[in-house]
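*Asks:* Protein chains in written order, with my numbering: chain A, 299 to 408; chain B, 206 to 321.
FYI, nobody ran anything at the bench for these hints, they're computed from the structure.
A few of these clues could be false.
What the hints assert, rightly or not - Under 8 Å between C-beta atoms, here's a sample of chain B residues computed to sit facing chain A: (1) Pro245; (2) Thr280; (3) Gly313.
To be verified - EDC-like cross-link-like pairs, simulated, lysine to aspartate or glutamate; straight-line CA separation at most 20 Å: (4) A:Lys395 - B:Glu264; (5) A:Lys395 - B:Asp232; (6) A:Lys407 - A:Glu352; (7) B:Lys246 - A:Asp381; (8) A:Lys395 - B:Glu268; (9) B:Lys260 - B:Asp270.
Being a predicted model, the structure only gives us computed values, none of them experimental.
Where a beta carbon is used, it is the ideal one built from N, C-alpha and C, also for glycine.
Given next are the chains, with one letter for each unit.
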Amino acid sequence: GQQVMQIPQYQHVQEGEDFTTYCNSSTTLSNIQWYKQRPGGHPVFLIQLVKSGEVKKQKRLTFQFGEAKKNSSLHITATQTTDVGTYFCAGTSNTGKLIFGQGTTLQVKP
Amino acid sequence: GAVVSQHPSWVICKSGTSVKIECRSLDFQATTMFWYRQFPKQSLMLMATSNEGSKATYEQGVEKDKFLINHASLTLSTLTVTSAHPEDSSFYICSADRDTSQETQYFGPGTRLLVL
Numbered sequence: 299g300q301q302v303m304q305i306p307q308y309q310h311v312q313e314g315e316d317f318t319t320y321c322n323s324s325t326t327l328s329n330i331q332w333y334k335q336r337p338g339g340h341p342v343f344l345i346q347l348v349k350s351g352e353v354k355k356q357k358r359l360t361f362q363f364g365e366a367k368k369n370s371s372l373h374i375t376a377t378q379t380t381d382v383g384t385y386f387c388a389g390t391s392n393t394g395k396l397i398f399g400q401g402t403t404l405q406v407k408p
Numbered sequence: 206g207a208v209v210s211q212h213p214s215w216v217i218c219k220s221g222t223s224v225k226i227e228c229r230s231l232d233f234q235a236t237t238m239f240w241y242r243q244f245p246k247q248s249l250m251l252m253a254t255s256n257e258g259s260k261a262t263y264e265q266g267v268e269k270d271k272f273l274i275n276h277a278s279l280t281l282s283t284l285t286v287t288s289a290h291p292e293d294s295s296f297y298i299c300s301a302d303r304d305t306s307q308e309t310q311y312f313g314p315g316t317r318l319l320v321l
């Protein structure tokens, strides 16, 4: 079946360092969404990318959608302790379902 | 806007009992709601898609008689875990689709179920 793979599973960085998580789909996606889940919390919608090659920024966060609409990345510049959490990508399949990646858990050491 | 609530947030029950979880969209109408299950340190697994006024569509491997879903109105969907067993202990999260053209889902805060 359709899968969305996300790497790395875990990332520990020093505060101020950059962080990137990557997402790859086995098939072309109609869009990709990114969510953040804090420990003990629920996923919170961050952004949606729809167009091939699209790049969007939210302050220190940069989101990219690949030209083939099969991969995406989230890059955080100069991480802060408030960035701690698990970041999930989720692709909308051709059947309309949201398929989540495994998530990347970010730890930031102050 | 786009607030989704879930009740209860925590539930502990004895094996064999049934537990009902409510999911409400507070400030918008949701024609579609989704139910997910999340095990510790794992991703969200879609259990079923719930459409108002019709039967839910279950994902492969999810027992529909075990996890009863009712989407009675445009703002309420319920998930009932029947005859719960310890292996049903998990974090259950619902989401609602506010705008079908955007396909953005808004998640509830989740319900942690512990079956003893």
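*Asks:* Confirm or reject each hint.
*Replies:* Comparing the hints with the structure gives:
| no. | hint | in the structure |
| --- | --- | --- |
| 1 | Pro245 | 11 Å, violated |
| 2 | Thr280 | 18 Å, violated |
| 3 | Gly313 | 7 Å, holds |
| 4 | A:Lys395 - B:Glu264 | 10 Å, holds |
| 5 | A:Lys395 - B:Asp232 | 23 Å, violated |
| 6 | A:Lys407 - A:Glu352 | 31 Å, violated |
| 7 | B:Lys246 - A:Asp381 | 17 Å, holds |
| 8 | A:Lys395 - B:Glu268 | 19 Å, holds |
| 9 | B:Lys260 - B:Asp270 | 12 Å, holds |
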